[in-house]
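The listed protein sequences correspond, in order, to chains A and B. Counting from 1, position 91 in the first sequence corresponds to residue 91 in our numbering; the numbering is continuous, with no gaps. Counting from 1, position 95 in the second sequence corresponds to residue 95 in our numbering; the numbering is continuous, with no gaps.
Heads up, some of the hints might be wrong.
Unchecked claim - Here are the simulated lysine-lysine pairs, DSS-like style, with alpha carbons at most 27 Å apart:
hint	chain 1	residue 1	chain 2	residue 2
1	B	K77	B	K58
2	B	K49	B	K94
3	A	K57	A	K15
4	A	K57	B	K105
5	A	K57	B	K49
6	B	K105	B	K94
7	B	K105	A	K11
8	B	K105	B	K49
9	B	K94	B	K58
10	B	K94	A	K57
11	B	K77	B	K49
12	A	K57	A	K11
Keep in mind the hints are simulated off the structure, nothing from the lab.
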Amino acid sequence: GAGVSQSPSNKVTEKGKDVELRCDPISGHTALYWYRQSLGQGLEFLIYFQGNSAPDKSGLPSDRFSAERTGGSVSTLTIQRTQQEDSAVYLCASSLARNEQFFGPGTRLTVL
Amino acid sequence: AQSVAQPEDQVNVAEGNPLTVKCTYSVSGNPYLFWYVQYPNRGLQFLLKYITGDNLVKGSYGFEAEFNKSQTSFHLKKPSALVSDSALYFCAVKDSGNTPLVFGKGTRLSVIA
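So that you can see chain B by itself, here it is in the shape it has in the complex (with noise of 0.2 Å):
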């Protein structure tokens, strides 16, 4: 069964400095990783995704994420925070078939000005 462990539950940064929020994943097979972020009483908005390729991803609002096989991680990172950037963040994985994602319980990030 696929899983997903987001270590911190809160992840505090200044505004400017680089911020890097963990994920680590189990699933059976090629794993599809991606990152959602949620703003205050809104749904998810997807960031990117990793399904093949470059173990670098880029994604919206200057956020990328590295695909790490051996450390079966998928750390999202950025680097230049903004207080915007404030929000709860979701990395999710799913197999190569047609089914659902698997959430973390979610990183709260803070970016202070």
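Pulled out of the complex, with its shape left as it was, chain A reads as follows (with noise of 0.2 Å):
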């Protein structure tokens, strides 16, 4: 069956510019998640969604960032007026609960 897909895979947007990155989980997954990885650093955890539930969006380093999640499938991760430090990796991933995580490709952000 399908993985989790991610787009796009790369972006690279201006500084100040809003940018949209998309993730289609694995298709039943009641969870999502959605992490950032920068040059040469670990995996920093950023939103989770767990079905209708709210999120916790405990991750999320500024009010620049925002993430839903429609119909509990597909969710869209917003970063508003981007700055050079936003380029990073970013991974989604999807699993059932309490279950080992599945990620996708994930979406290389750079801003110049």
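Join the two chains into one complex using the hints; note that each chain is given alone, in its own frame.
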């Protein structure tokens, strides 16, 4: 079956612009996660959706970051007024409750 | 709060030799432990997990990991390394609830022919 997909695979933007990153989780997975991986760093948790519950936004680094998950499936991570320090690979993962997470290939964001 | 430590940034091993990538963790309650591998310009691939049961867990590509509760460790092992095992390896932990994974900083494994 299809895995987690993310689009675009690469995004280059200018400082101050808004960007939207998309994640299509594995069908039927109730949980969806966004992480950020900066160059040479580990994975930083951003936000987590579980079913219809309110999302866990505790990892979002600033109010410029937001995410939504429509219909319990597709999710969009939005970064407003991008800064150079936002440059990173943004990874999405999905899982069935309490099971291992399956990751997408990531979106490489470069802010010039 | 959960945390994971991978004490080695880099591990070098000769092809055919056994390999170990170390991981220690801290979590309240029973831990759910995972290993992931990341090849260059790729996403993370799940290798194996420990939830409960046998302390020795077998996973993909011949990897295994041993859960040691007293040492709070979950080291990744393989009896005979391959050059193709060269990649970045991440250990991760979560508690038993619906919570996100907490990842270590990763260990870069280099297998030399």
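Hint check:
| no. | hint | verdict |
| --- | --- | --- |
| 1 | B:K77 <-> B:K58 | holds (10 Å) |
| 2 | B:K49 <-> B:K94 | holds (11 Å) |
| 3 | A:K57 <-> A:K15 | holds (24 Å) |
| 4 | A:K57 <-> B:K105 | holds (21 Å) |
| 5 | A:K57 <-> B:K49 | holds (26 Å) |
| 6 | B:K105 <-> B:K94 | holds (15 Å) |
| 7 | B:K105 <-> A:K11 | holds (25 Å) |
| 8 | B:K105 <-> B:K49 | holds (18 Å) |
| 9 | B:K94 <-> B:K58 | holds (19 Å) |
| 10 | B:K94 <-> A:K57 | holds (17 Å) |
| 11 | B:K77 <-> B:K49 | holds (13 Å) |
| 12 | A:K57 <-> A:K11 | holds (23 Å) |
Of the numbered hints stated above, none is contradicted by the structure.
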